[in-house]
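Sequence order for the protein chains is A and B. Numbering of the first sequence is given in my numbering, commencing with residue 1 and proceeding in unit increments. Numbering of the second sequence is given in my numbering, commencing with residue 113 and proceeding in unit increments.
These aren't lab readings, by the way, just hints derived from the structure by calculation. Computed from a prediction, not measured in an experiment: that's the story for all the values here. A portion of the hints provided could be inaccurate.
[What the hints assert, rightly or not] A few chain A positions that, by computed beta-carbon distances, are all more than 10 Å from chain B: (1) Ser29; (2) Val45; (3) Arg61; (4) Thr69; (5) Leu74; (6) Ala79.
[What the hints assert, rightly or not] Straight-line C-alpha distance at most 30 Å; calculated BS3-like pairs for lysine-lysine: (7) B:Lys132 to B:Lys153; (8) B:Lys178 to A:Lys3; (9) A:Lys17 to A:Lys63; (10) B:Lys126 to B:Lys178; (11) B:Lys126 to B:Lys167; (12) B:Lys153 to A:Lys57; (13) B:Lys126 to B:Lys153; (14) A:Lys3 to B:Lys176; (15) A:Lys59 to A:Lys3; (16) A:Lys17 to A:Lys55; (17) B:Lys126 to A:Lys3; (18) A:Lys71 to B:Lys153; (19) A:Lys59 to B:Lys153; (20) B:Lys176 to A:Lys17; (21) B:Lys167 to A:Lys111; (22) A:Lys63 to B:Lys153; (23) B:Lys167 to B:Lys132; (24) A:Lys71 to A:Lys59; (25) B:Lys153 to B:Lys176; (26) B:Lys176 to B:Lys132; (27) A:Lys59 to A:Lys111; (28) A:Lys3 to B:Lys153; (29) A:Lys63 to A:Lys111; (30) A:Lys3 to A:Lys63; (31) A:Lys57 to A:Lys3; (32) A:Lys71 to A:Lys17.
[What the hints assert, rightly or not] Which stretches of chain A does chain B cover? Using the computed rule of at least three CB atoms under 8 Å from a CB of chain B, they are: (33) 11 to 19; (34) 46 to 54.
Even for Gly, the Cβ is constructed at its ideal location relative to N, Cα and C.
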Amino acid sequence: SQKIEQNSEALNIQEGKTATLTCNYTNYSPAYLQWYRQDPGRGPVFLLLIRENEKEKRKERLKVTFDTTLKQSLFHITASQPADSATYLCALNLNAGNMLTFGGGTRLMVKP
Amino acid sequence: GAVVSQHPSWVICKSGTSVKIECRSLDFQATTMFWYRQFPKQSLMLMATSNEGSKATYEQGVEKDKFLINHASLTLSTLTVTSAHPEDSSFYICSAPEDRSYNSPLHFGNGTRLTVT
């Protein structure tokens with residue numbers, strides 16, 4: 001069956017370090033992958049989209065990679081700040097159209 | 113930017129009553145909206161796809177008679193939880209794609225925390 005897996009354990013890092021979050025998927029070849037940020041009690045907010053023919057995408061302190069051979073996307077936050085603390089979700093379209101399926105999310109805690 | 117407004121942000125109701133949740137796209141039109149539910153520390157689970165002017169498409173295991181969806185205009189979709197029970201208590205979130213492209217980002221409402229007593 002198709003699965004999207006993110007590390008369910010919280011990631012704790014020190015302010016200023018680079019946070020790296022992983023999204024793995026199985027039994028599927030998505031045309032693109034999206035990353036979202038979700039704060040407690042709020043809806044997710046779109047961050048980045050990367051297409052299958054793109055190896056890397058950057059936006060300010062964020063960087064996303066997409067390895068279709070490994071079936072994996074990595075999400076990096078450089079020079080992390082306590083304000084980056086949130087849950088980060090990856091999402092794929094497993095079916096036709098723009099319906100997304102979300103991974104379980106990884107909670108990031110950046111300590112001052 | 114595109115904004116989705118969801119109302120109410122929280123609601124407490126008694127078992128057996130019905131609750132309506134509204135989802136509005138404020139500055140763009142949404143022919144499609146998605147409804148999710150989320151349990152604590154779990155991911156978003158798609159419940160149904162709301163289609164303007166036609167019937168909603170429900171995911172497997174979601175009772176369409178219990179979770180009524182109406183998408184009567186290009187900017188409003190509603191989810192009604194009928195005859196709510198405590199097990200329906202959850203965080204319900206709606207979203208709408210920014211445009212009609214297949215890889216369009218989704219814009220989410222801020223969710224509705226439903227507590228059924």
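Hints, verified against the model:
Every C-beta of chain B lies more than 10 Å from that of Ser29 of chain A, the closest at about 14 Å, which supports listing it as non-interface. Non-interface status of Val45 of chain A relative to chain B is broken: a Cβ of that chain comes within 10 Å, the nearest being about 7 Å off. The beta carbon of Arg61 of chain A is kept farther than 10 Å from every beta carbon of chain B, the shortest such distance being approximately 19 Å. Listed as a non-interface residue, Thr69 of chain A keeps its Cβ farther than 10 Å from every Cβ of chain B; the least gap is roughly 21 Å.
Distance to chain B confirms Leu74 of chain A as a non-interface residue, since its nearest Cβ pair spans about 19 Å, more than 10 Å. Here Ala79 of chain A stays apart from chain B, with its beta-carbon at least about 24 Å from theirs, past the 10 Å limit. At roughly 24 Å between alpha-carbon atoms, Lys132 of chain B and Lys153 of chain B fall within 30 Å of each other, so this suggested pair holds. At most 30 Å may separate the alpha-carbon atoms for a hinted pair to count; Lys178 of chain B and Lys3 of chain A meet this at roughly 28 Å.
Note on Lys17 of chain A and Lys63 of chain A: the hinted pairing holds, with a Cα-Cα distance of about 14 Å set against a maximum of 30 Å. Distance hint between Lys126 of chain B and Lys178 of chain B is fulfilled; the C-alpha atoms sit about 16 Å from each other, no more than 30 Å. Distance restraint check for Lys126 of chain B and Lys167 of chain B: the Cα-Cα separation of roughly 28 Å lies within the 30 Å cut-off, and the hinted pair is therefore satisfied. With a CA separation close to 28 Å, the supplied pair Lys153 of chain B and Lys57 of chain A stays within the 30 Å bound.
Proximity of Lys126 of chain B to Lys153 of chain B is assessed by CA-CA distance (about 25 Å); at most 30 Å being required, the pair is judged to hold. The hinted pair formed by Lys3 of chain A and Lys176 of chain B meets the criterion: a straight-line CA distance of about 25 Å does not exceed 30 Å. Proposed proximity of Lys59 of chain A and Lys3 of chain A is supported: the alpha carbons are some 27 Å apart, at most 30 Å. The straight-line distance between the Cα atoms of Lys17 of chain A and Lys55 of chain A is roughly 23 Å, inside the 30 Å bound, and the hint therefore holds.
The suggested pairing of Lys126 of chain B with Lys3 of chain A is violated, with an alpha-carbon distance near 37 Å, which exceeds 30 Å. Taking the CA atoms of Lys71 of chain A and Lys153 of chain B, the gap is near 24 Å; set against the 30 Å cutoff, the hint holds. Note on Lys59 of chain A and Lys153 of chain B: the hinted pairing holds, with a Cα-Cα distance of about 27 Å set against a maximum of 30 Å. At most 30 Å may separate the alpha-carbon atoms for a hinted pair to count; Lys176 of chain B and Lys17 of chain A exceed this at roughly 47 Å.
Between Lys167 of chain B and Lys111 of chain A the CA atoms are separated by roughly 47 Å; this puts the pair beyond 30 Å, and the hint is violated. Only pairs whose Cα atoms come within 30 Å are accepted, and Lys63 of chain A paired with Lys153 of chain B is accepted, the gap being roughly 25 Å. Distance hint between Lys167 of chain B and Lys132 of chain B is fulfilled; the C-alpha atoms sit about 17 Å from each other, no more than 30 Å. About 22 Å separates the Cα atoms of Lys71 of chain A and Lys59 of chain A, which keeps this hinted pair within 30 Å; it holds.
Between the alpha carbons of Lys153 of chain B and Lys176 of chain B the distance comes to roughly 25 Å, so the proposed pair stays at or under 30 Å and holds. For the suggested pair Lys176 of chain B and Lys132 of chain B, the alpha carbons sit about 14 Å apart, so the restraint of at most 30 Å is met. Using a Cα cut-off of 30 Å, the hinted pair Lys59 of chain A and Lys111 of chain A holds, with the two alpha carbons roughly 23 Å apart. Between Lys3 of chain A and Lys153 of chain B the alpha-carbon distance is near 18 Å, which keeps this suggested pair within the 30 Å criterion.
The suggested pairing of Lys63 of chain A with Lys111 of chain A holds, with an alpha-carbon distance near 21 Å, which does not exceed 30 Å. For the hint pairing Lys3 of chain A with Lys63 of chain A, the CA-to-CA distance comes to about 23 Å; that is within 30 Å, so the pair holds. Taking the CA atoms of Lys57 of chain A and Lys3 of chain A, the gap is about 23 Å. The hint holds against a cut of 30 Å. Our distance criterion of 30 Å between C-alpha atoms is met by Lys71 of chain A and Lys17 of chain A, whose separation comes to about 26 Å.
Counting residues of the segment 11 to 19 of chain A whose C-beta sits closer than 8 Å to any C-beta of chain B gives 0, which falls short of three, so the coverage hint is violated. For a cut-off of 8 Å, the count of residues in the segment 46 to 54 of chain A with a CB near a CB of chain B stands at 3, and the three-residue condition holds.
Violated hints, in rising order: 2, 17, 20, 21, 33; the structure is consistent with all others.
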